[in-house]
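Q: Chain by chain, the residues run as shown.
2 protein chains.
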Amino acid sequence: MEHCDTLILPRWIVPVAPAGTVLEAHAVAVSEGRITAVLPAAEARARFQPSVLVERPDHVLIPGLVNAHTHAAMTLLRGFADDLSLESWLRERIWPAESRWVSAEMVRDGTELAMAEMLRGGTTCFADQYFFPEIVAEAAADLSMRAVVATPVVDFPTVWARNAEEYLQKASDLVHDPYAGHPLVSTAFAPHSTFALSDASFAALRVLADQLDIRVQMHLHETAAEVQNSLRETGKRPFDRLADAGLINSSLLAVHCVHLNEDEIGRFAEAGVSIAHCPSSNLKLASGVAPVDKFRDAGLNVALGSDSAASNNVLDLFTEMRSAALLAKAASGDATAVTASEALHMATLGGARGLGLESTIGSIETGKLADLACIDFNRVNTQPVYDVISQIVYATHQDQVSDVWVGGKHQLDNGHFAHIVEDDLIARANEWRDRIVTSTHKSQVPG
Amino acid sequence: MEHCDTLILPRWIVPVAPAGTVLEAHAVAVSEGRITAVLPAAEARARFQPSVLVERPDHVLIPGLVNAHTHAAMTLLRGFADDLSLESWLRERIWPAESRWVSAEMVRDGTELAMAEMLRGGTTCFADQYFFPEIVAEAAADLSMRAVVATPVVDFPTVWARNAEEYLQKASDLVHDPYAGHPLVSTAFAPHSTFALSDASFAALRVLADQLDIRVQMHLHETAAEVQNSLRETGKRPFDRLADAGLINSSLLAVHCVHLNEDEIGRFAEAGVSIAHCPSSNLKLASGVAPVDKFRDAGLNVALGSDSAASNNVLDLFTEMRSAALLAKAASGDATAVTASEALHMATLGGARGLGLESTIGSIETGKLADLACIDFNRVNTQPVYDVISQIVYATHQDQVSDVWVGGKHQLDNGHFAHIVEDDLIARANEWRDRIVTSTHKSQVPG
Numbered sequence: 001m002e003h004c005d006t007l008i009l010p011r012w013i014v015p016v017a018p019a020g021t022v023l024e025a026h027a028v029a030v031s032e033g034r035i036t037a038v039l040p041a042a043e044a045r046a047r048f049q050p051s052v053l054v055e056r057p058d059h060v061l062i063p064g065l066v067n068a069h070t071h072a073a074m075t076l077l078r079g080f081a082d083d084l085s086l087e088s089w090l091r092e093r094i095w096p097a098e099s100r101w102v103s104a105e106m107v108r109d110g111t112e113l114a115m116a117e118m119l120r121g122g123t124t125c126f127a128d129q130y131f132f133p134e135i136v137a138e139a140a141a142d143l144s145m146r147a148v149v150a151t152p153v154v155d156f157p158t159v160w161a162r163n164a165e166e167y168l169q170k171a172s173d174l175v176h177d178p179y180a181g182h183p184l185v186s187t188a189f190a191p192h193s194t195f196a197l198s199d200a201s202f203a204a205l206r207v208l209a210d211q212l213d214i215r216v217q218m219h220l221h222e223t224a225a226e227v228q229n230s231l232r233e234t235g236k237r238p239f240d241r242l243a244d245a246g247l248i249n250s251s252l253l254a255v256h257c258v259h260l261n262e263d264e265i266g267r268f269a270e271a272g273v274s275i276a277h278c279p280s281s282n283l284k285l286a287s288g289v290a291p292v293d294k295f296r297d298a299g300l301n302v303a304l305g306s307d308s309a310a311s312n313n314v315l316d317l318f319t320e321m322r323s324a325a326l327l328a329k330a331a332s333g334d335a336t337a338v339t340a341s342e343a344l345h346m347a348t349l350g351g352a353r354g355l356g357l358e359s360t361i362g363s364i365e366t367g368k369l370a371d372l373a374c375i376d377f378n379r380v381n382t383q384p385v386y387d388v389i390s391q392i393v394y395a396t397h398q399d400q401v402s403d404v405w406v407g408g409k410h411q412l413d414n415g416h417f418a419h420i421v422e423d424d425l426i427a428r429a430n431e432w433r434d435r436i437v438t439s440t441h442k443s444q445v446p447g
Numbered sequence: 001m002e003h004c005d006t007l008i009l010p011r012w013i014v015p016v017a018p019a020g021t022v023l024e025a026h027a028v029a030v031s032e033g034r035i036t037a038v039l040p041a042a043e044a045r046a047r048f049q050p051s052v053l054v055e056r057p058d059h060v061l062i063p064g065l066v067n068a069h070t071h072a073a074m075t076l077l078r079g080f081a082d083d084l085s086l087e088s089w090l091r092e093r094i095w096p097a098e099s100r101w102v103s104a105e106m107v108r109d110g111t112e113l114a115m116a117e118m119l120r121g122g123t124t125c126f127a128d129q130y131f132f133p134e135i136v137a138e139a140a141a142d143l144s145m146r147a148v149v150a151t152p153v154v155d156f157p158t159v160w161a162r163n164a165e166e167y168l169q170k171a172s173d174l175v176h177d178p179y180a181g182h183p184l185v186s187t188a189f190a191p192h193s194t195f196a197l198s199d200a201s202f203a204a205l206r207v208l209a210d211q212l213d214i215r216v217q218m219h220l221h222e223t224a225a226e227v228q229n230s231l232r233e234t235g236k237r238p239f240d241r242l243a244d245a246g247l248i249n250s251s252l253l254a255v256h257c258v259h260l261n262e263d264e265i266g267r268f269a270e271a272g273v274s275i276a277h278c279p280s281s282n283l284k285l286a287s288g289v290a291p292v293d294k295f296r297d298a299g300l301n302v303a304l305g306s307d308s309a310a311s312n313n314v315l316d317l318f319t320e321m322r323s324a325a326l327l328a329k330a331a332s333g334d335a336t337a338v339t340a341s342e343a344l345h346m347a348t349l350g351g352a353r354g355l356g357l358e359s360t361i362g363s364i365e366t367g368k369l370a371d372l373a374c375i376d377f378n379r380v381n382t383q384p385v386y387d388v389i390s391q392i393v394y395a396t397h398q399d400q401v402s403d404v405w406v407g408g409k410h411q412l413d414n415g416h417f418a419h420i421v422e423d424d425l426i427a428r429a430n431e432w433r434d435r436i437v438t439s440t441h442k443s444q445v446p447g
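Protein sequences appear in the order of chains R and D.
If you count by this note's numbering, then the first sequence holds residues 1 to 447, one letter each, in order.
If you count by this note's numbering, then the second sequence holds residues 1 to 447, one letter each, in order.
Just chain R, with the same shape it has in the complex:
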């Protein structure tokens, strides 16, 4: 008998690659953090002597979900500013609260709360853009969650840095030790948007990104107003400013892209750009619905993001998968647009590719890292089962995630966290709430 660390025996496996495949009565063997075999269950029982055997007879095993766009620490502002215009939301609520309260401690507490929520919902990897990215990186490493920590770059001073030069310096610092070659944490640059950076800052960022061979994530064409304002102020669409800066290439993850025209979609596809689609956030802030069916028709890679808890208000990729598939149907007038299988791809392999991690995560294949999530279908809302992938995307609630592994480490075991103490995280979240409520907008905050 061959040893393996963990042998997982679910009822079904949806490996995502090849697309649409559903394996029944198969097993996944894991050793040293990697998937070492995907094989028929009977064969697995005969071949492997596992240290841990995990039998999940009513469950489906999927690749861990990838949340390609969030601002994790903002869980501490969940529900703080709802049903407001983007303008009021930002200027009257979010920015004042952030300028008063963002600190290393706040980022640590908010990010840990976010990671607990994401892990509970089967998300094993997240891409984050927020202040104090070194704290986000530390939190991810400490809690053993995979993260792409994108360091923010803007032209104006914040609590984290004074000007573009300092943001870029801090971003470069983070690329090196301690995260060079880290098993869980990698880094990226996150210029906020074309309205937050000058052409000179984009030029400096591009030189540095090329030198360090580092990927770039950026909000782009989120709202119609963003495009109009840019035209008025610079004579160019944000897309063209980015193109002029030489940043439209296969290292770019463009976030939102609700208002791309067909020419831009074509040029993105040609350049191998990925898009982080954030369906819930785009609805909530009334930005619109991104033309995901056109992205797909053009051959663009699409990832999924929750955006922050202040504009969603949950970090739940099951909700985003369902929304991505359903919205595409209504927006295109075609009920066959974006199938369940395509939505699942966006939340797994599409996300991995958008983050430059497609060779190591995003699908259940031998040799990949063992980032896995197991879903319990034995609930009234997921019975009976005709189509496993449809059930994952259209009928599963995130609390049905029973088990989560990150790099082979069993983080959520049959509904229970191995290491994370949720009550502590909730207690700290409430301390922040008390501080924030007593200091800002007292009269506007009920309860």
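Worth flagging that the hints you see were computed from the coordinates, not collected in a lab.
Mixed in with the good hints, there may be bad ones.
[Claimed, not checked] Covered stretches of chain R, as calculated for chain D (at least 3 residues, CB under 8 Å):
hint	stretch
1	39 to 49
2	85 to 98
3	304 to 317
4	414 to 426
The model shown is predicted, which means the values in this text are computed figures rather than measured ones.
For each residue, glycine too, the CB sits at the ideal point set by N, CA and C.
Position chain D against the provided structure of chain R, taking the given hints into account.
A: Positioned in the frame of chain R, the structure of chain D alone reads:
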């Protein structure tokens, strides 16, 4: 001390009426199935000697949710026909399966599965349109769930009746014993749509509805094609055929209404018609997004429905509330359109009014029936809490419903069903699945 059957002490109460109210440290007293007092917790402890004391220190108590449109038995076809055009969905999948499989037994098993799912998600009342409504009524009475059983009327033969006359006869029969004055079950007429009934059938239905003083529910203007086909075939929009039949009045619950024009919205408002908005179903079948903000501006009452599990694929009003609020924002380009409080109203008092039950359910008020749901906020995805109502609509997952009462009867107690045995329901659902899969469309059904 005054006796009461149940005294509930949650952290918060959202009574829905008055709108936007959040009570903290209050209690609800229940006796003989009704709410007998809503009062400060300290006062309640001093005044009442309850048979059962229910303390829920991290929870919010809301009125039981009202699912104003479903076809409950179709849970047995959940995921059976996804990512298909409405035409293929209906003609190639749903109708053949229904004509082969619908029976009293199938309706009983499917409806029980649906009721378990709805109760788990805090829904205490549902309006159903399906064949064998007498079986739906029986199932609701047996499982102690509130139901408005709407009897289907079409011109063509099905397994349940041969022609409009027989449908109407069976509908009238059901209005009388055993459901006249039943504490849980009431009845309505459900002419399917203008394309399924002749003018003569509408005329006969109207006479009968007036005689029996019974409310009417009907699919209307669900798709653009429905309106176009009607214009081509009859020279009239479906709305106008209904108007000519004298059916546009305050007894009408018009379902879907994705494609109403402004004149029709105004005439509906004038007549006191209610609309059952089914946001998920309208997305999934690519029907579009109903102009809910315009309904509201016109003063129309709006209820929420899940539609069937074959076009959703869950019966979860938390998902529908969230979708109703978020979609209205994107569709109108206004992030303030349809607030959390308005979405909660749709799922409670709006639903009650749409079903003619607003004097007895839909809000937490003294004298109303004790249809209640309790939500546990002590989860990482609903912390911290700034705004209780926002948290209910934008951040709560349906599995956070801890307790449900229907007419004072404790159906779900701290996450556990008092009477329903879910494993039995799931086992029966799987028997149906096996039969359906082996007989129909074998090659198209995976796994």
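Q: So, for every hint listed, does it hold in this structure?
A: Structure-based check of all given hints:
1. Only residues whose C-beta sits within less than 8 Å of a C-beta in chain D count toward coverage, and the stretch 39 to 49 of chain R has 0 of them, not enough to reach three; the restraint is violated.
2. Under the rule that three or more residues need a Cβ within less than 8 Å of chain D, the assignment of the stretch 85 to 98 of chain R holds, with 3 such residues.
3. Here the stretch 304 to 317 of chain R counts 6 residues with a CB under 8 Å from a CB of chain D, which clears the bar of 3, and the coverage holds.
4. With 3 residues bearing a CB less than 8 Å from a CB of chain D, the stretch 414 to 426 of chain R meets the requirement of three and the coverage assertion stands.
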